[in-house]
Amino acid sequence: MKQFIIFVKKEFRHIFRDRKSLLIIIMMPIVQIILFGFALTNEIKNSNIAVLDNAKDEASRAIIQRLDASRYFNVTRYLHASQDIEAAFKSGTVRLVVVFQPDFRESLMHSGKAQVQLIADASDPNTATTVTNYAGNIISDYQKEMSPQVQPPYSIRPEIRMLYNPQLKGAYNFVPGVMAMILILISAMMTSVAIVREKEINTMEVLLVSPLKPLLFILSKAIPYVFLSLVNVSTILLVSVTLLEVPINGSLLLLMGESFLFILTSVSLGLMISNLTKTQQEAQMFSLMTLMLPTLLLGGFMFPIESMPLPLQIISNIVPSKWFFLIVKDVMIKGLGFSAVWKESLVLVGMTLFLLAVSFKKFKTRLA
Amino acid sequence: MNAVTVHNLVKTYSSKKEKVTAMQDVSFTVKQGELFGLIGPDGAGKTSLFRILTTLLLADSGTASVDGFDVVKQYQDIRNRVGYMPGKFSLYQDMTVEENLEFFASIFNTSIEANYDLVKDIYVQIAPFKNRRAGKLSGGMKQKLALCCALIHKPSVLFLDEPTTGVDAVSRKEFWEMLKGLKQQGITILVSTPYMDEAAMCDRVALMQLGKIMSIDTPPNIISRFGEKLWAVRSANMYRLLTDLKKYSNTESCNSFGEYHHLVLKNDDTDAVLRYLGEQNHTAVELKPAQPNIEDCFMQLMNNN
Chain A
20 MKQFIIFVKK
30 EFRHIFRDRK
40 SLLIIIMMPI
50 VQIILFGFAL
60 TNEIKNSNIA
70 VLDNAKDEAS
80 RAIIQRLDAS
90 RYFNVTRYLH
100 ASQDIEAAFK
110 SGTVRLVVVF
120 QPDFRESLMH
130 SGKAQVQLIA
140 DASDPNTATT
150 VTNYAGNIIS
160 DYQKEMSPQV
170 QPPYSIRPEI
180 RMLYNPQLKG
190 AYNFVPGVMA
200 MILILISAMM
210 TSVAIVREKE
220 INTMEVLLVS
230 PLKPLLFILS
240 KAIPYVFLSL
250 VNVSTILLVS
260 VTLLEVPING
270 SLLLLMGESF
280 LFILTSVSLG
290 LMISNLTKTQ
300 QEAQMFSLMT
310 LMLPTLLLGG
320 FMFPIESMPL
330 PLQIISNIVP
340 SKWFFLIVKD
350 VMIKGLGFSA
360 VWKESLVLVG
370 MTLFLLAVSF
380 KKFKTRLA
Chain B
19 MNAVTVHNLV
29 KTYSSKKEKV
39 TAMQDVSFTV
49 KQGELFGLIG
59 PDGAGKTSLF
69 RILTTLLLAD
79 SGTASVDGFD
89 VVKQYQDIRN
99 RVGYMPGKFS
109 LYQDMTVEEN
119 LEFFASIFNT
129 SIEANYDLVK
139 DIYVQIAPFK
149 NRRAGKLSGG
159 MKQKLALCCA
169 LIHKPSVLFL
179 DEPTTGVDAV
189 SRKEFWEMLK
199 GLKQQGITIL
209 VSTPYMDEAA
219 MCDRVALMQL
229 GKIMSIDTPP
239 NIISRFGEKL
249 WAVRSANMYR
259 LLTDLKKYSN
269 TESCNSFGEY
279 HHLVLKNDDT
289 DAVLRYLGEQ
299 NHTAVELKPA
309 QPNIEDCFMQ
319 LMNNN
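Taken in order, these protein sequences are the chains called A and B. Residue numbers in the first sequence follow the working numbering, run continuously in steps of one, and reach 387 at the last position. Residue numbers in the second sequence follow the working numbering, run continuously in steps of one, and reach 323 at the last position.
Please keep in mind that the hints were generated in silico from the structure rather than gathered at the bench.
In silico contact screen, one side only, chain B against chain A (beta carbon under 7 Å); selected entries:
no.: 1; residue: T72
no.: 2; residue: L74
no.: 3; residue: R97
no.: 4; residue: K106
no.: 5; residue: S108
no.: 6; residue: D112
no.: 7; residue: F121
no.: 8; residue: S124
no.: 9; residue: I125
None of these values were measured; they are calculated from a predicted model. All residues carry an ideal CB built from backbone N, CA and C; glycine is no exception.
Whole structure, please, built from the sequences with the hints as guidance.
What follows is the structure, encoded as structure tokens:
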């Protein structure tokens, strides 16, 4: 027991004396959450648009005002001729140009039909679709208000409700994603690097020629990083709730428990990597390539897994982050209980046990 | 009982391109309480041998035991009782002197206090720096700390792999004094070194070269077996002297030894040598009888193989 305590103490010393790494570990989640939350967002907010108003009447002005007032658009340019449209896009400052036909209100009132042209920069197709949808909605809202009494004889009105995330905030998606990424990076990479460092600075040789048991060695290496990862989970949740206003709808205890489980999975992955690599640099590269990229690409939080080709969908099943991402979304955002996530949890438990078994079996009690 | 028994050990390292033989058929024994030296240049197989004895490597064939325990089957028993100081510095550089020592004591389930008398003589020398990080110590201090850490659990056999390599002459001398002190406490010590002059400090030495042991005996016995007359020669131009002496028909062997060249002749006609050197325009020639040392014996054994 004394052996164990002093070993864990030693590991904490290594961590706390390496100030730069410690700072990175503590600050990385905060910086990432803030980056994803405010800078790297894929929501459309305050997009600059231009207007070519050939009508300049009451109706066209009302629509322009509504577009400008919405939080999606800022009307920054007023064009005077159709030749200006291309130039506006080429300058790169606008995402959408709204063109009103001459006598807009006249034709709307008399013939009941009027035309508005929405021209979007489709070099970024996702954004183009989104901005035209938003603008289209604003225009049809205006139309409804103009003639509330007119009811077509038969009408199907889809009523849309955005469940769990009524405001369609991106944060609901990336907070679980960043959690998965940070935890797998810190737990797996740092654990593997910490073990491989002993090989690199030759202390492994001395530790092997001692009564220290491999199990004790591995446990002592993992514990500080499990602890640090739990600190990270707490900061991520704190920042998300306070700064990004993402609520924790489910049980906090369950969420922490599931995070703990995922940390164990990541640490076991780290142990596995430490068995396969000889230098710290190798361990780092290996961790980045096998953990970070699959987590980003196949974890489901950047690109939806359902729309991937079948082989990738199958491969995504062995990415632990995918399962954790599902769990966090269910518990944190949807507020579901353990009964909803027991299958995913079981997958993580299985992965952890498998990785631990392989790591202990492969642990080298000799040098070569 | 023998503290260490080595029987017909063979170790090869194979890579894709070539097979390197690190040890060929090595056998020897070390008695309890002995200070045993493995002397040989880099690549002689010293480190491989130490790693096999400390159970870190497996030999290709042959057997070895430490303190009566087999290095393969009973490796954990050996790990619990021996002390090992690897050739490369292997302590935690970001921890202080005291923290390192405390850590290694605890890993061996003991404490600094329990075995303080064993390391006291060495530890007092580094005690003034006990709050300094190990990475900031000088080379000699590092080795003293490493020795303390290897000793703190009162090992029955101590393995020191090139402890004096990269250490200044004064610290080297101090280090050997410490080993003699430890020997008095009944600890068996195996030490390897590339410095031939350190052989004289050991009870017995094994001279190793290219994975083979060429000779095992006490240093005086090895020297007495030299069996040839040895001459020390010098002149104004030492480099030309060496090449000229090597070309000389009556030369058995000639090696550079600091300020003199050590020369063995086929017949001991020194006048002829002086005449020959005179013909080669050497000035300030000095030739005198010399006492052979371990290095001369090493060179002789090497040439004979």
